[in-house]
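Asker: Letter by letter, the chains look like this.
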Amino acid sequence: MKYVIRLFVILLFLAGCIELIYYSTENKRLAADVSQLEAELGKMSIKDPDRVHIVEVAVPEVPLEVVPHIKGIWQFRCYLPPSYDFMNMSGGGRVTEEGLYQSGGFSSSWGSPQPTAIHGLMTVSFQERDNRLQAFYSFRGSSRKTSWTGFNADRLSAIVVLKLVSSKQGARSFNRDTILPLLKLYDPSTAEDNEVAGKAIVTYKGGQIILCPKSRETYLEQLRMGETPLDFEPEWVATAVVDE
Amino acid sequence: MLTTLIAVSIAIGMAYRLNRSLTQQRNELLSLSSRLPIHNEDELISVAMPAVADDFHSWHVYVPEGQDYELRLGMGAVSENGMPPIVGSVRIPSGQHRVTLHTGDSIYEEFRYVVYLDGQLVIEKTMGRQWLPNGWSSASGISWPTSSDRSSPPLQLASQSYESTPDFGSQNYFNAQSDGYVTRLGYRLWIDQPDRTYQSASPFIGLPGDPQYLGIGLRDGQRYIASSVPYQWTFTRPKLATTEPVLRVEAEFVGTDGSILSSQSQAITSWQIRSAASGKDSLRWQEEAVQATHTAFLHAVSKSADGLQPVIELKWDASQLDVVGIRLADTPANAPISRWRLRILDGSQHLWRELQLGDRPWITPADAHNASNIRDESSTNTSKQLAVLDLGHEPAADIQLRWQAKETLPLQIVARNDIRYAGMRLYQGLPVKLGIQFPAALKPKLAVDIVEQHPTIPETALPGGPVFNAIQIELEAVEHDWIWLSVISNE
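Read top to bottom, the protein sequences are chains A and B. The first sequence maps to residues 11 to 254 in the numbering used here. The second sequence maps to residues 439 to 929 in the numbering used here.
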């Protein structure tokens with residue numbers, strides 16, 4: 011009987027060792043795969059599942075035959091928490107270096123909040139149409155294009171690009187009530203002194219794409235007009251990152 | 439030994455948890471990447487690459503070995519079950535490839551479509567400005583036709599069916615609504631075996647695989663759809679830019695014993711659509727390439743087994759998209775019926791203000807009112823007093839009746855431009871002329887219901903004057919001749 015128990019324990023031990031070797035090998039393979047995918051899509055760990063997480067894709071996948079037709083492209087890997095209700099706003103005209111001021115045409119659209127968290131790739135690209143810059147926004151199968159009037163497409167290489175996140179600086183996470191200026195482009199050679207809402211500001215030809223939680227919609231409207239809402243807190247609007 | 443076993447168990451537990459976490463991470467990342475998941479090396483596989491522009495669409499594709507395949511671009515008339523003519527194709531070798539489609543789908547770009555295979559331009563087709571001269575107002579993807587051929591199925595990469603913009607003037611926006619079974623201009627891009635060909639799509643809808651809720655009949659012609667009102671027959675014609683009913687008919691039947699079956703008697707619970715004049719088999723059409731006509735039978739389902747239980751036969755002819763045939767079916771169930779009345783409804787939604795008998799001049803509701811000197815007292819619908827019109831005496835000939843709105847613009851535009859129509863529910867489709875043709879041998883009687891009052895605002899006249907609210911034809915039930923109901927586009 012003693013030998014039988016010993017034999018059983020040895021067999022159990024051997025089976026455990028085999029399983030452990032299997033999991034170790036499999037985990038190594040999975041970890042390598044995850045690392046490779048993260049190298050392509052950006053590394054992002056979700057520590058607080060109730061916050062918005064965004065990381066920039068360092069090199070967006072653009073087919074060679076499409077490259078000549080694209081003036082610029084930025085891609086972001088996003089994690090949106092459950093029931094996150096947001097709109098995206100895209101508009102071109104005149105913008106300021108800081109803040110959300112924008113004059114000129116814009117379009118916005120609401121998504122429908124999902125009960126579960128969303129992972130998706132958000133793409134913003136630009137094409138030239140009739141010597142105008144056309145912004146293309148795509149997220150999870152739905153897309154939209156907006157004409158950014160007054161922006162000279164030929165000067166795209168000389169523009170200033172302000173991004174919410176940068177591949178060099180890694181992922182960022184935000185409170186779900188924060189207004190997220192995803193991308194702002196402006197031409198520094200087109201500075202103009204303007205007076206908006208009783209304040210003197212410098213504006214440039216440019217445009218911006220903003221993700222705005224529904225709870226902040228009315229504030230965004232005021233901020234876009236150059237006004238400051240009465241109870242405004244600066245932390246309601248995320249700031250852009252600066253690559254060294 | 440026991441300690442070692444516990445240590446191994448803990449290590450396995452930790453490795454298992456890590457495995458679960460890594461698998462979840464990997465799956466989330468894979469869903470964002472455009473890597474090809476090749477689970478079966480014998481199947482065509484595609485993964486769409488992230489969209490980077492609205493006019494470029496790219497895919498990674500896998501083509502299995504041991505079978506020739508080609509990449510095909512079809513352009514022209516297309517529908518859910520229709521394949522457009524192939525305008526370009528190129529052999530695609532086995533292995534992994536990248537396919538890109540450029541859709542220059544505007545008048546400005548002259549509807550130019552370009553297909554790239556692994557970065558090389560392989561198919562280019564420009565349809566020209568006249569392809570859709572006014573452009574398109576909406577476009578929708580269409581699925582691959584259902585097929586029993588499951589061996590080496592083709593792989594569709596992209597498709598689009600365009601709703602052309604009708605020209606009612608730059609200030610008059612028209613909102614068209616139809617479904618994917620209507621034939622429109624569009625394209626499909628797919629990978630297929632070089633020797634595989636496709637028959638032209640059946641003009642009928644209601645065949646196996648077709649969705650029942652879109653009706654039965656002709657895809658581009660009239661379709662019968664189940665009505666939410668038990669007593670009515672409802673017909674749609676999505677080709678004319680609306681999925682709402684274009685024709686609603688209410689019937690009354692008079693028995694040889696004087697009994698009456700009507701919407702007022704509440705005896706009918708529903709009309710069931712079936713394959714034959716007798717029996718209870720539900721409708722089952724089979725797809726026959728040469729079949730040019732299809733029939734279906736409407737069986738009245740009554741609350742009791744006693745009384746009239748009429749059976750109506752419907753007929754669609756692929757060569758006559760504008761019409762649907764209707765008659766009392768040749769079956770013993772119809773023997774106790776002596777006369778029947780067809781009442782065509784919804785005139786106040788269509789704003790019918792013109793009516794024509796045969797080749798006589800068009801008449802208005804006021805003309806009809808003056809011309810009629812008898813009130814239709816035989817009608818069981820006592821809430822309506824109908825004006826009877828003389829049909830003349832030509833017993834050998836068929837009698838044709840047409841009616842329409844006076845407006846040439848679609849009523850959705852008319853309502854938008856004229857505030858007096860606010861709150862009225864008007865027909866949303868393209869302008870149509872409706873008609874009915876029946877044999878004089880059926881001793882027909884014509885009556886019209888004329889409405890002068892606004893449908894929702896009391897003591898207010900209908901904007902634009904009176905309309906023919908309903909057209910009623912009474913017929914003898916002795917012959918089983920066809921009656922043709924027509925819906926013709928005014929364009």
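Derived by calculation from the structure, the hints in this document are not laboratory data. Heads up, a few of these hints could be off.
As a list, the in silico EDC-like pairs of lysine to aspartate or glutamate whose alpha-carbon atoms are at most 16 Å apart [what the hints assert, rightly or not]:
id, chain 1, residue 1, chain 2, residue 2
1, A, 53, B, 760
2, A, 224, A, 140
3, B, 753, B, 768
4, A, 155, B, 768
5, A, 155, A, 140
6, B, 871, B, 929
7, A, 224, A, 187
8, A, 155, B, 493
9, A, 81, A, 197
10, A, 81, B, 493
11, B, 563, B, 548
12, A, 81, B, 929
13, B, 871, B, 760
14, A, 178, A, 237
15, A, 209, A, 237
Okay, the calculated beta carbon distance ranges per label pair [claimed, not checked]:
id, chain 1, residue 1, chain 2, residue 2, range
16, A, 138, B, 726, 46 to 56 Å
17, B, 635, A, 187, 55 to 65 Å
18, A, 49, B, 440, 42 to 52 Å
19, A, 138, B, 903, 53 to 63 Å
20, A, 162, B, 903, 52 to 62 Å
21, B, 486, A, 77, 16 to 26 Å
22, B, 479, A, 245, 29 to 39 Å
23, A, 32, B, 615, 33 to 43 Å
24, A, 41, B, 638, 32 to 42 Å
25, B, 479, A, 92, 31 to 41 Å
26, A, 206, B, 603, 20 to 30 Å
27, B, 664, A, 41, 55 to 65 Å
28, B, 479, A, 41, 21 to 31 Å
Partial list, derived from the structure: chain B residues whose beta carbon lies under 8 Å from chain A [said to hold, decoys possible]:
id, residue
29, 444
30, 446
31, 454
32, 464
33, 466
34, 467
35, 469
36, 470
37, 472
Computed from a predicted structure; not experimentally measured. C-beta atoms are modelled at their ideal positions from N, C-alpha and C, and glycine is treated no differently.
Asker: Hey, residue 81 of chain A versus residue 929 of chain B, does the alpha-carbon distance stay inside 16 Å?
Answerer: violated, 44 Å
Asker: Next item in the hint list is residue 469 of chain B. Is there a CB on chain A closer than 8 Å to its CB?
Answerer: holds, 7 Å
Asker: Take a quick look at whether residue 224 of chain A and residue 187 of chain A sit within 16 Å of each other, Cα to Cα.
Answerer: holds, 8 Å
Asker: Identify whether the interface hint at residue 470 of chain B stands, where standing means a beta carbon of chain A within less than 8 Å of its own.
Answerer: holds, 5 Å
Asker: Between the alpha carbons of residue 81 of chain A and residue 493 of chain B, is the straight-line distance 16 Å or under?
Answerer: holds, 14 Å
Asker: Falls inside 16 to 26 Å, the C-beta gap from residue 486 of chain B to residue 77 of chain A?
Answerer: holds, 18 Å
Asker: Using the beta carbons of residue 41 of chain A and residue 638 of chain B, state whether their distance is inside 32 to 42 Å or not.
Answerer: violated, 54 Å
Asker: Going straight from one Cα to the other, do residue 155 of chain A and residue 493 of chain B come out at no more than 16 Å?
Answerer: The hint holds at about 11 Å.
Asker: If you draw a straight line from the CA of residue 81 of chain A to the CA of residue 197 of chain A, is it 16 Å or shorter?
Answerer: Satisfied, since the Cα-Cα distance of roughly 15 Å is no more than 16 Å.
Asker: Measuring from the C-beta of residue 464 of chain B to each C-beta in chain A, is the shortest one below 8 Å?
Answerer: holds, 5 Å
Asker: Measuring from beta carbon to beta carbon, are residue 138 of chain A and residue 726 of chain B in 46 to 56 Å?
Answerer: Cβ of residue 138 of chain A to Cβ of residue 726 of chain B: about 53 Å, so the range 46 to 56 Å holds.
Asker: Should the hint that residue 472 of chain B touches chain A count as held when the rule is a Cβ pair under 8 Å?
Answerer: holds, 6 Å
Going down the numbered hints, you'll see the structure goes against 1, 2, 4, 12, 14, 22, 23, 24, 26, 29, while the others check out.
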